[in-house]
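Engineer: Chains as they are written, first to last, in my numbering: chain B, 1 to 214; chain Z, 1001 to 1210.
Among these hints, one or two may not hold up.
[Claimed, not checked] Result set (DSS-like, lysine-lysine): computed pairs, CA atoms no more than 27 Å apart in a straight line:
1) Z:Lys1194 / B:Lys207
2) Z:Lys1051 / B:Lys146
3) B:Lys133 / Z:Lys1032
4) Z:Lys1051 / B:Lys133
5) Z:Lys1030 / B:Lys207
6) Z:Lys1194 / B:Lys196
7) Z:Lys1013 / B:Lys24
8) B:Lys207 / Z:Lys1032
9) Z:Lys1127 / B:Lys196
10) B:Lys164 / B:Lys28
11) B:Lys196 / Z:Lys1030
12) B:Lys43 / Z:Lys1194
13) Z:Lys1051 / Z:Lys1194
No lab work stands behind these hints, which were simulated from the structure alone.
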Amino acid sequence: MDCDKVGKDYVACFECDLLIETPKLTAKQSAFCPRCHSLITAKSSNNLQYALAYAFAAVILLVVANLFPFLGFSAQGNKLTMTLWQSAQTLYHYQSEILALLVFSFIILIPSLLVLGVIYVLWPLIFSRQIVKGGIPIARALFTLKHWSMAEVFLIGVIASLTKITSMAQVELGLSFWAYILFVIALTLSLSSLDKYRFWHYLDQAKRCQHLHQ
Amino acid sequence: MPAPSSVKSVTAKSVGLQNCRVCGLLNDAKHKYCQRCHARLAMRTPLSLQKTIAWLLTAVLLYLPSNFLPIMHTTNFGRESSSTIVGGVILLWEQGGYFIASVIFAASIVIPIIKILVLIWLVVSVKYNLFTHRHERALMYRLTEFIGRWSMIDVFVVAILVALFQLGGILTVAPGIAALAFAGVVITTMLAAKAFDPRLIWDQYQNGDK
Ligand SMILES: [Zn+2]
Ligand SMILES: [Zn+2]
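Take these sequences, add in the hints, and give me the full structure.
Structural biologist: If you want it as structure tokens, here you go:
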């Protein structure tokens, strides 16, 4: 690699391009850019093992969130329930196909791709120092898709809708609703532990190991 | 304290290196793709300002219908009524849901406008080489990027109400065209923020500048 010297001793700030001495991976404090104060890397207690553990929890919770009723209510003698999946699917029945697809992507598809991707890439990286097939493009996609998961925004939307209808109906929160709340927490913790800087450095180390073994 | 120390404001660009925006590897200027993660490289995002403006224009065009057309149609005992985003907020406020009404008002009306104005300010200040308020601009950029997704709340409210009342018979809720337009506003403003390269704010920086 032709940039080896600079690449080892310096990194550049993502937001202002300033060259900065490479922060230590074991540092007890987060490193910020001295010029624009953006985050360079989170502190070492925020490590990749946590990202993997939380991702596992998130997968289980997401499965649970899709198995049971999400919300239910009774009004004028009628008892109705809806599932998480139906919040996107019903839009489809009203000829709002694009909207249905967007809602489905933001609250179910992208969040599940994220947690599955984290597990797929991190499991072999952490336990056998291996980079899986397709690991690099998937990791690249993870860091891009991260901004398009709106699971937590959806939760606020649920609370807002409940406020809207409490005056006309008795609302029951289903098992899936609680599972989805826990899923959002696990997903957020997993993604915040997936530090960009730290991740790519572990990947580099794993790559060096693979070369040594060949 | 392991805070990285600066090297007299030397940037990667000034020594002929391109920082990969995906993985943070410093690549030699001759490379087109990152040597580590294979992402497309550039010293600065090509046509960053033009792309930002293009997405912003789309956002503004979608913002008008999203606020003036109905976001949902309610049928109650055969009586049909439609409501806009603002109408929904006012109704909630009258029902006493002050907190949620404020949240939806902020997310659906205030935040999109602020985001659009901030991005215009960022583009104009870079275009005309304004050298002041760099820290404020950097902060506003970070805030705009962070807050982007939170505007989607009202779209999800429509999705939930539609699903919840689908079997009702007595009361049904159907999505309005503004729901899609508003989702478009959120997506295009997010893309506008992504298209803006924050490094442009700092490119003319000299020690001692604010
Ligand atoms: Zn910086
Ligand atoms: Zn890269």
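Engineer: Does each hint hold? Answer for all of them.
Structural biologist: Verification of the supplied hints:
Taking the CA atoms of Z:Lys1194 and B:Lys207, the gap is near 30 Å; set against the 27 Å cutoff, the hint is violated. Distance hint between Z:Lys1051 and B:Lys146 is fulfilled; the C-alpha atoms sit about 21 Å from each other, no more than 27 Å. Restraint check for B:Lys133 and Z:Lys1032: the C-alpha separation of about 23 Å stays at or below 27 Å, so the hint holds. In summary, the hint linking Z:Lys1051 to B:Lys133 is not supported, as the alpha carbons are separated by about 34 Å, beyond the 27 Å threshold.
Proximity of Z:Lys1030 to B:Lys207 is assessed by CA-CA distance (about 23 Å); at most 27 Å being required, the pair is judged to hold. For the hint linking Z:Lys1194 to B:Lys196, the alpha-carbon distance of about 17 Å falls within 27 Å, and the restraint holds. The straight-line distance between the Cα atoms of Z:Lys1013 and B:Lys24 is roughly 23 Å, inside the 27 Å bound, and the hint therefore holds. Between B:Lys207 and Z:Lys1032, the direct Cα distance comes to roughly 21 Å. Compliance with the 27 Å bound is thereby established for this hinted pair.
Pair hint Z:Lys1127 plus B:Lys196 does not hold up; C-alpha atoms about 30 Å apart against a cutoff of 27 Å. Pair hint B:Lys164 plus B:Lys28 does not hold up; C-alpha atoms about 46 Å apart against a cutoff of 27 Å. Restraint check for B:Lys196 and Z:Lys1030: satisfied, since their Cα atoms lie roughly 24 Å apart, inside the 27 Å limit. With a C-alpha separation of about 26 Å, the suggested pair B:Lys43 and Z:Lys1194 falls inside the 27 Å cut-off, and the hint holds.
A hinted pair counts as satisfied when its Cα atoms are at most 27 Å apart, and Z:Lys1051 with Z:Lys1194 qualifies at roughly 9 Å.
The structure shown violates the earlier hints numbered 1, 4, 9 and 10.
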